[in-house]
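Novice: What follows is each chain in one-letter form.
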Amino acid sequence: MNTPTLVWSALRRRKARTLFTFLSVVVAFVLFSVLAAVRQGMLGQLTFSVAERLETNNKISQGSPLPVSYYDKIVTVPGVTAVTYLNGFQGYFKDPRDRLQVLVFSPTFLQVYREATLPPAQMHAWLTDRQGVIVGPALVRRMGWKVGETIPIQSKVPQKDGSTTWYFHLDGIYHADLPAAYQSFFVAHYRYFNEGVANPRLQNIVFQYIERITDPRDATAIASAIDGLFKNSSPQTLTQSEAAETISYIRQFGDVSAMVIYVGIAVFFSLLLIISNTLAQSVQERTAEFAILRGLGFERGWLARLVLQESLLLIVSGAVLGLALGYEVTRLLYPSVGNILQTFALTWGAAGLGILLSIVFALLAGLVPVQRITRLRVAEALRKS
Amino acid sequence: MASVIAADSQNRALVSLRGVTKLYQRGSETVEVLKRLDLEVPRGDFLALMGPSGSGKTTLMNILGGLDRPSAGEVLVGGQPIHRLSERALSAWRARHIGFVFQTYHLLPLLTAAQNVELPLMLTRFKAAERRKRAQVALALVGMEAHAGQKPTELSGGQEQRVGIARAIVSDPTVLLCDEPTGDLDRTAGDEILELLQLLNREHGKTILMVTHDPHAAAKARRTLYMNKGVLGEKPEA
Ligand SMILES: Nc1ncnc2c1ncn2[C@@H]1O[C@H](COP(=O)(O)OP(=O)(O)OP(=O)(O)O)[C@@H](O)[C@H]1O
Ligand SMILES: [Mg+2]
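So the protein sequences, as listed, match chains A and B.
For the first sequence, this note's numbering gives the first residue as 663, with consecutive numbering after it.
For the second sequence, this note's numbering gives the first residue as 11, with consecutive numbering after it.
Pairwise CB distance ranges (calculated):
#1 A/Arg967 to B/Asn238: 40 to 46 Å
#2 A/Arg674 to B/Glu247: 48 to 54 Å
#3 B/Lys245 to A/Leu681: 54 to 60 Å
#4 A/Leu935 to B/Glu247: 51 to 57 Å
#5 A/Tyr924 to B/Glu39: 53 to 59 Å
#6 B/Glu155 to A/Leu1018: 45 to 51 Å
#7 B/Ala139 to A/Ala986: 33 to 39 Å
#8 A/Arg803 to B/Gln160: 57 to 63 Å
Residues of chain A clear of chain B, computed beta-carbon distances all greater than 12 Å:
#9 Ser686
#10 Val730
#11 Val739
#12 Arg804
#13 Gly810
#14 Asp823
#15 Thr827
#16 Tyr829
#17 Ala883
#18 Ala906
#19 Val925
#20 Thr1009
#21 Val1022
If you are wondering where the hints come from, they were derived from the structure by calculation, not from laboratory data.
Please read all numbers here as calculations on a predicted model, not as lab measurements.
From the three backbone atoms N, C-alpha and C, an ideal C-beta is built for every residue, glycine too.
Make a model of the complete structure from these sequences and hints.
Specialist: This is how it looks when you write it as structure tokens:
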């Protein structure tokens, strides 16, 4: 017999209650994981944003296209060092479940997105290959591709010859020190798509221009200079810094996420109150047992530690399981929220914080019971039972 | 006022109470539950304590066992004034010197008989194997070795009380304090417990104080004292 036996026997005393408490802890920490992932998702958007980048969208509606002809004017704006633009379409590789987004950029892509690097030979290959594509390492791994391979992508967008299969050459794999969501891009050439696509309404349009500027302090001036160019054109443009863009993007659903977080925190703390109350109740029920132990010569501190160990075992193990499940839950949720919150994930840091929180909670939850034990009047407690 | 009540004045008393008073506050009223008690219990004694309900028997046992403190007076056990000990020192002292046996046994319900008996040894330096061995010996002494693995709910009242006694003697305490040990048992089971206490007293030299309401039980002790309204006497009050 040893202390763990005693702790364990205390927890087995009321199996259903212990299980219920344990499950509450698990649920609380699954919730914690999801909230942490949402927060990480919102943070991630901002970290990825670079102050030296501006984005030009259709002023009326962000998703609507702009003419590709705007490019020639935008590059002339002082302070703009590089401009790229993008279009794209949905497709899949062999299996319809292996869906991917084909992004087509101007060749200046790498000058604007300097976070993405690749070996000079691969860069050269891509720049000189009309059907070339550079792909993120995660996507390459998922699809099992190799550099030099020809990749057929099935889509619903027919080419001029009627074929809906687009062929790309994998010229390079870019590297970027960015979160997982940025490791799966499929970057092909705008020209290849623009010249190949059958539908004239899909030709010569872009969804966004992205500009690289020299000095972020000039961002506002440069943005209005760009928009000024198209004041009298249709459609008009709206240029924002990438950070501002991200913030306004997040704001669209930010209020909702903030509410989710607040409600989540409230639920989390209520659960903890319930758990702490359950522990206190369990100790209360065992008043006579604690009185006996005191009678046998066990000190208050010893009994207090016993209760704290009980609380720690229950809460910290529940938290570990909750975080593990939470990790799975966030992974399962990623496909549905990943396009809004690209860095939506439970990080090690957040998990560590969760464990720390659970320890603090276990100690707090043990506080009332410990106090009860310390104040226990042994003779009276024994008399009553 | 009260005379010193000793069984054998040649023997140096193992337990001695001098002028022990216990006051309880009941609302605005102060009740004197023990009134300047004097008592001497020599080593090897088996003393039965009788008296009406509410006369202060349990209060006396609690003070002797260091579970409660006297409002005034001295409590010496083996020459040590325990009323002066700090809370912490008193805990250690209880573990070393006192074995409690309760009317309602007070075994921990989720531990087996053997684990219950081993409990007090967790406060000693004995290694796990030694603790287990000693618990086994104590269980054998009370005739419960065959039930070592059973939980209290799987035992009869008499068996539970045997386990309770094994727990009380396992760390070889100086004094056994039994508060109505047969109070919840029928005559047969009660007699078995009393015989066990007699055995511990006669064969193992245990000093025992036992509270009882049953004259039949008191008759098994070496002598009987009567508590009446906080005063000890050698005869029941008329
Ligand atoms: N904590 C307390 N506060 C106030 N009064 C108390 C307290 N504990 C005991 N008493 C009172 O002290 C008196 C003696 O109680 P005690 O339990 O010692 O009696 P007893 O002789 O053991 O009785 P019984 O035979 O019923 O067990 C009783 O009147 C009881 O109500
Ligand atoms: Mg009593």
